[in-house]
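Peer 1: Residue-level listing of the chains:
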Amino acid sequence: MDAPQTGEFAHIGKSVVIKGELSGSEDLYVDGNVEGSIELRNHSLTVGPNGNVKASVSAKAVVVQGKLDGAVIASERVDLRKSAIVNGDVTTQRIAIEEGAFLKGKVDIQKEAGKATGIAS
Amino acid sequence: MSSVSDNVMRFFRNSSNQAASPAVPQKHTRRSSGMGEISRLLNSQEALCILDMGATSANNIKFFTNKGHKNYSEDLLRSSLDPALRIKDDAGNSVMDSKKFLDENLVFSNAQFDVVLCWNLPDYMEESLVKPTIDRLWSVMKPGGLLLAFFHTRDAGPDSICYRYHVTDSDMLEMQEVKFAPPGRPSSEKQSPRLQRVFNNRHIENLFRDFASIKFFLARDAIREVLVVR
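Which chain is which? The protein sequence lines are X and E, in order. Just so it is clear: in the first sequence, position 117 is 117 by my numbering, and no numbers are missing. Just so it is clear: in the second sequence, position 211 is 211 by my numbering, and no numbers are missing.
Keep in mind that the hints were calculated from the coordinates and are not lab data. Note that the structure is a prediction, hence the values are computed from the model and not measured. A few of these clues could be false.
Derived Cβ-Cβ restraints for the label pairs, each shown as a range [stated by the list, open to error]:
1) E/91 x X/83: 20 to 26 Å
2) E/36 x X/111: 24 to 30 Å
3) X/42 x E/33: 44 to 50 Å
4) E/186 x X/87: 20 to 26 Å
5) X/76 x E/27: 27 to 33 Å
6) E/210 x X/21: 44 to 50 Å
Far from chain E, by Cβ distances over 10 Å, these chain X residues were calculated [said to hold, decoys possible]:
7) 9
8) 10
9) 11
10) 19
11) 56
12) 99
Beta carbons are placed, not taken as given, at the ideal position from N, Cα and C, and that holds for glycine.
The following block holds chain X by itself, in its conformation from the complex (with noise of 0.2 Å):
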């Protein structure tokens, strides 16, 4: 996923540091620094080339291209990028993974009710 265009996401810029809790109900797209935790529910998270997060994550979509260190909850899917490094226990319905992303943690694939878990590479 490319960087968004202004309007489609909230946007943390790179030169960007939050400490604490993130919460929001709309789509975020993070190329800055974090560290704490974030909480979107419904909406996605993006971790942009330039991104280095130290949280925990909730949200309905997880996108990786930088760093995340934190566990990872996904209610839909996880998708980690060729650069993505993540460090941290992963749970979700579909994870996609590039080759050359890192992962280090636990993978646990919740089934969706009535459908085979989705795993792509």
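Chain X is fixed; fit chain E onto it per the hints.
Peer 2: Positioned in the frame of chain X, the structure of chain E alone reads:
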């Protein structure tokens, strides 16, 4: 380690750094007797805990979680290349700090894993990290747990390609060349890790001497598969 082994290692380390690397990463398949035995365990029991120490593989996560098992990924070869681990030993030689390495990696509770997939890690990991890593694996595996590792034979040669392994069927693996950029270098400078040494059978038995049993499977592609029971 014996002088014979030291000579083999010196031979490899003095070899040319010009590894033959194809422009396009190639994929090959191989039938794995060791993986076949592990699959029999996976098919006969539920909710096993599996540690995959190869490069992160969506295939493997899918294969294990679809059978109802828990999958842990930890790409130990890539972690072992961290330049922050490099220190001088008492003799002034540059080595990797195994204590720091194990403070940061393989941090699990004791007797947690039923299956550990080492793949070809011991052959490519720096020497000072190999035995401490195997010892840590012993402590995080359940008694009776299975460990699968691949070791090159002498016929492999120092420029043997380092592969990542994707489980595609119960005893079938897809092999894909692994390339890393050296620490601090751009991804355009990716290169395949170099074979560090060749273990003979006695060295392998010594490496796993604390384990309950060890079984060798010989193959035609200069690889010995080793299935170890904790």
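Peer 1: Using the beta carbons of residue 42 of chain X and residue 33 of chain E, state whether their distance is inside 44 to 50 Å or not.
Peer 2: 48 Å, holds
Peer 1: Given the range 20 to 26 Å, decide if the beta-carbon distance of residue 186 of chain E to residue 87 of chain X lies inside it.
Peer 2: 22 Å, holds
Peer 1: Falls inside 20 to 26 Å, the C-beta gap from residue 91 of chain E to residue 83 of chain X?
Peer 2: 39 Å, violated
Peer 1: Looking at residue 10 of chain X again, its CB stays over 10 Å from all of chain E?
Peer 2: Holds, since 29 Å exceeds 10 Å.
Peer 1: I want to verify a distance hint. Is the separation of the beta carbons of residue 210 of chain E and residue 21 of chain X within 44 to 50 Å?
Peer 2: 46 Å, holds
Peer 1: Run the C-beta distances from residue 11 of chain X to all of chain E and say if the shortest one exceeds 10 Å.
Peer 2: Answer for residue 11 of chain X: holds, closest chain E Cβ roughly 25 Å.
Peer 1: Quick check for students: does the CB of residue 99 of chain X sit more than 10 Å from each CB in chain E?
Peer 2: Per Cβ check, residue 99 of chain X is inside 10 Å of chain E; nearest 8 Å; violated.
Peer 1: Find the nearest Cβ of chain E to the Cβ of residue 19 of chain X and say whether that gap is larger than 10 Å.
Peer 2: The claim stands: residue 19 of chain X keeps its Cβ more than 10 Å from every Cβ of chain E (closest is about 23 Å).
Peer 1: Please confirm whether residue 9 of chain X is truly not at the interface, meaning its C-beta sits more than 10 Å away from all C-beta atoms of chain E.
Peer 2: 26 Å, holds
Peer 1: Could one say that the CB atoms of residue 76 of chain X and residue 27 of chain E fall in the range 27 to 33 Å?
Peer 2: 30 Å, holds
Peer 1: Are all beta-carbon distances from residue 56 of chain X to chain E longer than 10 Å?
Peer 2: Holds, since 18 Å exceeds 10 Å.
Peer 1: Honestly, do residue 36 of chain E and residue 111 of chain X meet the 24 to 30 Å range at C-beta?
Peer 2: Since the Cβ atoms of residue 36 of chain E and residue 111 of chain X sit about 27 Å apart, the hinted range of 24 to 30 Å holds.
Comparing the model with each numbered hint stated earlier shows that hints 1, 12 do not hold.
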